[in-house]
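There are 2 protein chains.
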Amino acid sequence: MSESMQGLHRTHRCTEVSNANIGEKVTVMGWVQKRRNLGSLIFIDLRDRSGILQLVFDEPKVGSEGFAKAGTLRSEFVIAVEGTVQKRSAAVNENLKTGDIEVIAESIRILSESQTPPFQIEENSQTKDEIRLKYRYLDLRRPDIQRNLMLRSKVAYLMRDFMAKEGFLEIETPILCKSTPEGARDYLVPSRIHPGSFYALPQSPQLFKQLLMASGYDRYFQIAKCFRDEDLRADRQPEFTQADMELSFVDIDDVLDVNERLLKYIFKEAIGVDVELPLKRMPWQEAMDRFGSDKPDTRFGMELKDVSDIVKDCGFGVFTSALEQGGSVRGINAEGQGAMPRKKIDKLVEFAKGYGAKGLAYLSVQEDGSYKSSFAKFMTEEELKNLVAAMDGKPGDLLLFAADKNKIVWNVLGALRLEIAKELDLLDPNQYNFLWITEFPLLEWSDEENRYMAMHHPFTMPMEEDWDKIDTDPGAVRAKAYDIVLNGTELGGGSVRIHQSDIQEKMFEVLGFTKERAHEQFGFLLDAFSYGVPPHAGLAYGLDRLVMHMVHADSIRDVIAFPKVKDASDLMSNAPDIVDEKQLEELCIKVDEKEVEEKEAEEAAEK
Amino acid sequence: MSESMQGLHRTHRCTEVSNANIGEKVTVMGWVQKRRNLGSLIFIDLRDRSGILQLVFDEPKVGSEGFAKAGTLRSEFVIAVEGTVQKRSAAVNENLKTGDIEVIAESIRILSESQTPPFQIEENSQTKDEIRLKYRYLDLRRPDIQRNLMLRSKVAYLMRDFMAKEGFLEIETPILCKSTPEGARDYLVPSRIHPGSFYALPQSPQLFKQLLMASGYDRYFQIAKCFRDEDLRADRQPEFTQADMELSFVDIDDVLDVNERLLKYIFKEAIGVDVELPLKRMPWQEAMDRFGSDKPDTRFGMELKDVSDIVKDCGFGVFTSALEQGGSVRGINAEGQGAMPRKKIDKLVEFAKGYGAKGLAYLSVQEDGSYKSSFAKFMTEEELKNLVAAMDGKPGDLLLFAADKNKIVWNVLGALRLEIAKELDLLDPNQYNFLWITEFPLLEWSDEENRYMAMHHPFTMPMEEDWDKIDTDPGAVRAKAYDIVLNGTELGGGSVRIHQSDIQEKMFEVLGFTKERAHEQFGFLLDAFSYGVPPHAGLAYGLDRLVMHMVHADSIRDVIAFPKVKDASDLMSNAPDIVDEKQLEELCIKVDEKEVEEKEAEEAAEK
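Same order as they appear, the protein sequences are chains A and B.
Everything in the first sequence is counted per this note's numbering, starting at 2 for the first residue and increasing by one.
Everything in the second sequence is counted per this note's numbering, starting at 2 for the first residue and increasing by one.
Any given hint could turn out to be false.
Put simply, identical chains are the same to the list, so a pair is met inside one copy or across any two.
[Said to hold, decoys possible] Computed cross-link-like contacts, DSBU-like style, restricted to lysine-lysine with a CA-CA straight-line distance of at most 30 Å: (1) Lys296 x Lys281; (2) Lys166 x Lys265; (3) Lys507 x Lys135; (4) Lys600 x Lys583.
If you are wondering where the hints come from, they were derived from the structure by calculation, not from laboratory data.
This is chain A alone, in the form it adopts within the complex (with noise of 0.2 Å):
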């Protein structure tokens, strides 16, 4: 039975019903969370999107209509209910909103019923993530994914409601796309009016509204769907959402300003936090020697230190051979873990080999003083000392050690920091530490390429001050490209860009792009600049996961409405899936089987 609701006027959301209503009369609409038959009576508490509801059924005030109909009620029913706002009868209940009252029913109307859910719908379900994403209707009926959904599409109207503001203009840039070959794998869209070519979807919106600039649009946003068909991680969605600016006549610092001013807004209006302005900011080389991550935690300390003066002339090899081939050895104190056992000690030693260490040096300093140490009996009494006050080393720490190429150093340290900080419980969630990553490398050398390639992107606008060093070592030329990092996550990302035509062909014989190439690839955007183009510098934020931290959700999956799988499905509709053959022939496109077989045996092979 499912009952219209015609004449009927829902008066108020569940817990916009306050005391301030008491002997009112109100109409109220939700989903049966629970009933309840207590002596005489009937109570249900109704669900919505803004919480719970006490209703009281009583037979003599219902009637016995109502009253029968209250009694078939079940979880997740859709009822219609008025009735009248009294104080609660029992004891309060301090964990609701509405804790204090309750609707005594004069009416119900049965608008929908609904079969026994294949999960209960409550907070923290422990459902296994399969169930809940293929029920996913019924999962997001869950407070707490409600209250992320509701966060974030508050964030992406503060947002947008600052932008706008600032004289940014929201400008929606295509979706159907052209592929191009540089950067991560293109999502293709055949066409059927011009068979056998192609659309890409964009994996960012960076060449227009780059051209946007060119344009005159002066500033620009927008909150953009992208696209990128890689493997997934655990925090990979194959379509993501960016919040993407652009702006032209600007340096790094105007850039930087604004960003700070809306991150303090959002943060202030979305979640009550208070940033204090201006945000740190962090050269990347300090970043790379304090903290071994362009994106630190700086919440806890455990800073690396760079000790490759101090051994190098010891007697360990192991040190002193990364010193000959161009390395360091760097370690941080884990202050206090000094009786870390060695079973656990061994643990961190694997964990380090999995960002490719080849081992972990560890010298504990005990309560006594002395050492017990993987290498001690390699260095003389002298060198230890020397090493361990180098270190800050006290009775009671344990002292690690990476010596390895620079690269592999950071990326070990700075995971066994963060990894070590956890274990201790050092992550304050109520911190918010902001930072500004600046003055990141132009160009990362490319063993597997042989060149240099552009850290960030080919547009990006090296430092007036390393510029002459472009030839002679232009691996030492820094760009004026920046980070926001909060509490050792990556928010964002951005430049300033080139627009100056004889840096930008200087910087595309660098990379080692033909002039051919060059056109080629980037050839529309390249004839824009030709014809007179701002000065312009922009930043993208990951929206997914800028929410994610703000409502501490364990998995990026927990703020998208209908996320995907690890496999890029959708779990719910069963997409992707296969189609009509006739939609396959009016795109003039057909399944190479053969390819299929091959790659299902080399899948099944790696199995």
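We have chain A already, so just place chain B on it with the hints.
Showing chain B alone in chain A's frame:
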């Protein structure tokens, strides 16, 4: 030569400088619109998105180097100029916001040079569309296009602002979806991880927004990209933007109310037009009878009149046979057009044929009261007199009649009415006639499919008072569907949805869906509805079209930053395009060359 802007800071956009700044130093940046050398002075019109500002270069003030630089400036060079604001020395330019001032340059940097553009950057360019779209980044510099996109940005912002304040949540729905066999043609996206399977780009977020209602989100809003792989008409784009909403626990009046207030708000705030509420409502049947259209332009009269009763016994076979076949005879009175020359009338007849008419009967009432007519000879004086009287025909009027099935008669006269109004210039662009069309038929008979089809979609709620006719006279059942019409254009539409499983089942039965087929197509929505679904309703606007009408653009392309042309290609980026063989291999698809050849042969044959 292109200089850096390091150390400079823009103080104003061009038209932010005003006579309030006289005597002040300013730094402005923008594009050179025009250079004039006048005596010993150089005048530059500087352009940015805000408008034009006049700069004056006087060698003693700007120095010889600066003056020399100014002498090299050409159209579209990007410059930064510091100078002092003064009252304009020459005559005030009334056409410019800054027409009473000028900036006396004290220094200049050339930030970027420009090639000679292929066309002048100016309003109402007469440049061919293909050139404009190939150089879209230049076309986008035109002040009229910039105003359009700025207004579009504002409209989107106002909508979001209004909706947020009304308790709507903006929730993003996926772009990578599942293909649904019904409806328009889907764009497909091959899956790499699931070779042989495809995603589809959404034609609208319809299913997702209904799911969100089932999930308790209560009020949903989204400005969403939608995709249809159809052959394009002038006002269609393969990807278009929908302002989409859905509301729970509402009936039709709630939806109309919130949308009326939304429209009033955006028309007032964006273009200063006062919309009087409540908007007029007209049942579909009345719209067809009076205007021959379900999106009538009510800015002028010339309404249709049904004269079937008057001509039913006359001697004109065209009229009587149409009536015998269940059709009707209807006419319009083109007042004052009685003297229209025969040649022009013949053109109208041809026009009518384009809309499916077999012909068009006409009668002009001469100034002396006599008739000139294509059919007078078949009718008695009395019959003619009655007919003219029924049409309110006065001397000097032209009466035009169509006789056919109702659908054709409406189509023909509806189109003819508009055509004549255009010719007679009866359409006032500054009048905004909003109108709700309501009570659409629930079903539409399809000769092709030999069954009833849903006029909106299978989830549209029938009107309670008609539901008992669903078996005996299904064509007479009206729906709780509504369109919002402005000056003859459908801006948007929607419906109350069915939330009762018994009504939904009956609908599928009437539509000839087996349970299996219904489940196959709408499985997860029906599943979701079996767990408790609230009454809900929604509406969607075509945002491109809405903005197009607000700015009186001739083409939908003038309100989209990077539009596609009729063959769904982007002339600037050259999308779609061929891709690397490797990309197709990874997706396990092949272009079916045989199919391509056949298709090309077919197309060649058509030409």
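Structure-based check of all given hints:
When the C-alpha separation of Lys296 and Lys281 is checked against a cutoff of 30 Å, the pair qualifies only within one copy, where the shortest distance is 13 Å, while the shortest distance between copies is 58 Å. For the identical chains of this complex, Lys166 and Lys265 are neighbours both inside a copy (15 Å) and across copies (22 Å), given an alpha-carbon limit of 30 Å. Taking the shortest alpha-carbon separations for Lys507 and Lys135, only the inter-copy value of 27 Å comes in at or below 30 Å, while the best intra-copy value is 52 Å. In this assembly of identical chains, Lys600 and Lys583 lie within 30 Å of each other by CA distance both inside one copy and across copies; the values are 25 Å within and 14 Å between.
When held up to the earlier numbered hints, the structure conflicts with none and fits them all.
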